[in-house]
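Taken in sequence, the protein lines are chains P and D.
When you read off a place in the first sequence, starting at 1, and then add 313, the result is the number in the numbering used here.
When you read off a place in the second sequence, starting at 1, and then add 313, the result is the number in the numbering used here.
These are computed hints drawn from the structure, not numbers from a lab.
Every clue listed holds true.
A pair holds if it fits inside one copy or across any two, identical chains being indistinguishable in the list.
Here are the simulated DMTMM-like pairs of lysine to aspartate or glutamate, each with C-alpha atoms no more than 20 angstroms apart in a straight line:
{"#": "1", "residue 1": "LYS325", "residue 2": "ASP678"}
{"#": "2", "residue 1": "LYS315", "residue 2": "ASP343"}
{"#": "3", "residue 1": "LYS446", "residue 2": "GLU461"}
{"#": "4", "residue 1": "LYS328", "residue 2": "ASP343"}
{"#": "5", "residue 1": "LYS387", "residue 2": "ASP414"}
{"#": "6", "residue 1": "LYS418", "residue 2": "ASP394"}
{"#": "7", "residue 1": "LYS325", "residue 2": "ASP343"}
{"#": "8", "residue 1": "LYS387", "residue 2": "ASP652"}
{"#": "9", "residue 1": "LYS418", "residue 2": "GLU435"}
{"#": "10", "residue 1": "LYS317", "residue 2": "ASP678"}
{"#": "11", "residue 1": "LYS325", "residue 2": "GLU351"}
{"#": "12", "residue 1": "LYS387", "residue 2": "GLU530"}
{"#": "13", "residue 1": "LYS571", "residue 2": "GLU351"}
{"#": "14", "residue 1": "LYS571", "residue 2": "ASP343"}
Remember, predicted model here, so these are calculated numbers, not experimental data.
Protein chains: 2
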Amino acid sequence: MKLKYPFLDLAKVHKPMAQELKQAAASVIDSGRFLFGEQTRLLESELASLCGTKHCIAVSNGLDALRLIIRAYKELGFLRDGDGVVVPANTYVASLLSISDNSLKPILCDVDSQTMCFAPEELERIVRRGCVKAIMVVHLYGMPMWNEQILNLAHEHNLLVIEDNAQAIGAQASVAGVQGTCITTGGLGHAAGVSFYPTKNLGALGDAGAVTTNSDELATAVRALANYGSDRRYHNIYCGLNCRMDEMQAALLRVKLKYLSEETGRRCLVADAYSRHICHPLVKTPSADEKRCAPVWHQYVIRVDGGKRDALRNYLAENGVGTDIHYATPPHMQPCYQDLEHAPLPVTEQLASEVVSLPIAYPMDGASAYEIAQIINGFPCE
Amino acid sequence: MKLKYPFLDLAKVHKPMAQELKQAAASVIDSGRFLFGEQTRLLESELASLCGTKHCIAVSNGLDALRLIIRAYKELGFLRDGDGVVVPANTYVASLLSISDNSLKPILCDVDSQTMCFAPEELERIVRRGCVKAIMVVHLYGMPMWNEQILNLAHEHNLLVIEDNAQAIGAQASVAGVQGTCITTGGLGHAAGVSFYPTKNLGALGDAGAVTTNSDELATAVRALANYGSDRRYHNIYCGLNCRMDEMQAALLRVKLKYLSEETGRRCLVADAYSRHICHPLVKTPSADEKRCAPVWHQYVIRVDGGKRDALRNYLAENGVGTDIHYATPPHMQPCYQDLEHAPLPVTEQLASEVVSLPIAYPMDGASAYEIAQIINGFPCE
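So here's chain P without its partners, still in its complex pose (with noise of 0.2 angstroms):
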């Protein structure tokens, strides 16, 4: 049965700007150039711009992004084998991964059912136990991960924090004690790994990443870990990767950039409709402190309450609405990670059980939000 209301439809998603793409397309094969060529220097400088950072690299994808973050820090020195790296345990099991391939150790932190950040009394008595010497914060959904309290341990303790924005390009937070300004994720830690798998707000078409940052030395670090580790041509200064972004994604992603502040825009319009027009006893919608931050909201995610969140999504399906689930297994409950040490992480996992993203990329609108919320609103309770 074809859904009215689709979970994600990419065609979709690129017929406005079908033609563009494809001139990109061509222009990149006749150009003879696919690595290293302009658009990925044109592409990075735009995305540096958009971050507000000195430095963008593109590179191969959101997960490599983060792990040659890791690499490039212990590299120089900062990071060593069996350092401890707080991340929180509601999360996608990528940002673990970027961890424990680098012989880190991914300390997971539970999340506060409210904020969806950190657990502050978890996270404070993470850091104090010591062997903490990163914190990785995660924009879940394209929700800032902020606050004071991470600003402060990270300062007290001498932390590198590392932001995974995989899901989040162009969100806003505002830093503790500096009123009304606001810092785009990307920009908030010492580094950023931004993912642009295709489902993401600014999706490639294939996958693509980037690491934006303000250090001159760990840009220098990732760029030559990128390519074989060499600073220059077939001289190898790391033993490094090729975790390069082609010029074709890196053409394509610049059209798509062009578009990404009207997608951001209907976003929040969509998400708005939702979170005004949903009203269901079982049902709660996501909250995002405006005061403090300005979401992107890659997905809009509802917690669905007494066991029902399947019953809802068959629901939904039968009216013609698509959903998914961001996610129903967390990394701590995966087998690879069968063995990994943590506390009870009992918000995770509660979550885990609850949650429902509905539709939200284009053609989406405040209308469907608004029928949809109705749908769900007709939910039985029984």
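Please build the complex by placing chain D on the supplied structure of chain P, with the hints as guidance.
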């Protein structure tokens, strides 16, 4: 100054098939499917058929292909941290990176100056010393590295044979003891990594690679590891990576694959013309044992005696011929491997100071190779 014979001009390489490439790109853009779609599946099946292997897994690049093979063998219990992998010292640094990135130990073996294969006594000595669990053969320049000794040692010592097939897709080698039977590279050992870096005989328009193998077990593990370690959506059995080939590169490669045998045939004619017509006391042309192998001439690499390599390059440039060096610095002399222990590697070091690669890609043909040969023959000896 514009060279009459540039070393490689990718815009020219793609000109005859530009329309097809653009149509392929446009179809992918319209499809809305950018990973794990039909193009990738068809490419995998076509490549498996070309290499004569049961499996082909499309991945992000050639280095990742080798890294995934070794990591998969670790996950499957065939290799462990610290195990030794014999690898020819005369190779591109990526061969070694795939080993050391997996916490295994590259054991460098010098090459024979005639066959360019492992120096036989050296290989024997290394393997008999123990600690070796795998042999990585490198089909450098498109020339299969394969002989009875490798086969016998692997058999006798129960070693894995991993092919670095970055440069030799479609090349063939005869199997020892089975007269007249040729096997295509990628299917000679237990598993092989291919590169589709843009300059390759089969080059993507960006980074791409593939793993070929006859092992079901290895194929399944590589496929999972390349996709976050997941055997199904959001179910991570390994701490994996993101090493996926996208539909765009798969579709473009499928166009180029149709022209590969023509391109290989043309390269063989060019190589033949060079070998027949270059005649200079300081220049040694490469030799292929035609009874035992059919190379695909990814590079045509001559050696220049008497410390005249750079002088010849300058002379050729002045006469309109572009050249390149593969590779000026062997891996063990790279800063990143300064602490790697190894026996003396005199042949590898001498090769690095003598080699020059001549133009061989489209639109080179026999006549242009003849002309370049005449120019080389006129190189003053003093």
